[in-house]
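So the sequences go chain by chain: A and B.
Each step along the first sequence adds one to the number in the numbering used here, with nothing skipped, and position 99 is 99.
To convert a position in the second sequence, counted from 1, into the numbering used here, add 112.
Since the hints were derived computationally from the structure, they do not count as laboratory data.
Since we're looking at a predicted model, the values are computed, not measured.
Careful, some of the hints might be misleading.
[Said to hold, decoys possible] Listed below are the simulated DMTMM-like cross-link pairs for lysine to aspartate or glutamate, each with C-alpha atoms no more than 20 Å apart in a straight line: (1) B:K208 - A:E54; (2) B:K208 - A:E82; (3) B:K190 - B:E127; (4) B:K167 - A:E100; (5) B:K208 - A:D84.
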Amino acid sequence: ETGVTQSPTHLIKTRGQQVTLRCSSQSGHNTVSWYQQALGQGPQFIFQYYREEENGRGNFPPRFSGLQFPNYSSELNVNALELDDSALYLCASSTGRYNEQFFGPGTRLTVL
Amino acid sequence: AQTVTQSQPEMSVQEAETVTLSCTYDTSESNYYLFWYKQPPSRQMILVIRQEAYKQQNATENRFSVNFQKAAKSFSLKISDSQLGDTAMYFCAFMKPGNQFYFGTGTSLTVIP
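Construct the entire structure; sequences and hints are all you get.
Shown next as structure tokens:
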């Protein structure tokens with residue numbers, strides 16, 4: 001059974017640019033959640049996708065958007081990058097909206 | 113708004129001893145889930161234990177157990193017979209209907225040989 005994978009591992013962007021982060025769900029999982037984890041902080045919930053539709057959103061501006069594909073993989077897009085967007089971005093998948101979430105290793109984004 | 117508070121930024125414990133990590137939360141919801149996650153230095157988060165708010169019995173997973181006090185909104189994690197591999201950041205998390213997860217700021221646990 002393949003776990004949750006994320007790409008890329010590390011990414012460096014400049015302020016104002018756009019970035020796309022990718023997540024492959026664990027086999028059989030139809031729900032994907034994205035989190036932002038700033039250094040020394042706990043993860044902050046960005047949003048969740050369930051069967052290709054957004055199913056809950058945290059306190060993040062619209063420039064944070066996402067997609068879930070028919071194979072349940074997912075993308076997180078961030079437009080107009082700001083310095084404060086520098087963080088570890090975690091993806092987690094589950095078999096349902098209330099079930100245990102399995103986390104990927106994360107993508108470390110640095111905005112200069 | 114939901115908040116999760118972990119008041120112990122760092123803790124240490126001798127190998128084979130027992131340690132308890134604290135977590136409190138604030139919510140007006142009656143139905144919710146609570147979790148403890150572990151994030152080792154390799155950074156992949158792993159579920160340690162989960163508690164449904166409607167269950168009065170405290171959850172247990174091998175060496176890990178919780179003390180869930182719903183009225184006090186407290187959810188502490190007890191690790192028995194601590195092992196070196198338990199060294200990690202531990203996050204308490206709250207999930208309410210609507211699927212929003214709220215994490216605490218974490219407790220860094222070091223197991224000393």
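Cross-check of the supplied hints:
no., hint, result
1, B:K208 - A:E54, "holds, 16 Å"
2, B:K208 - A:E82, "violated, 30 Å"
3, B:K190 - B:E127, "holds, 14 Å"
4, B:K167 - A:E100, "holds, 17 Å"
5, B:K208 - A:D84, "violated, 27 Å"
Going down the numbered hints, you'll see the structure goes against 2, 5, while the others check out.
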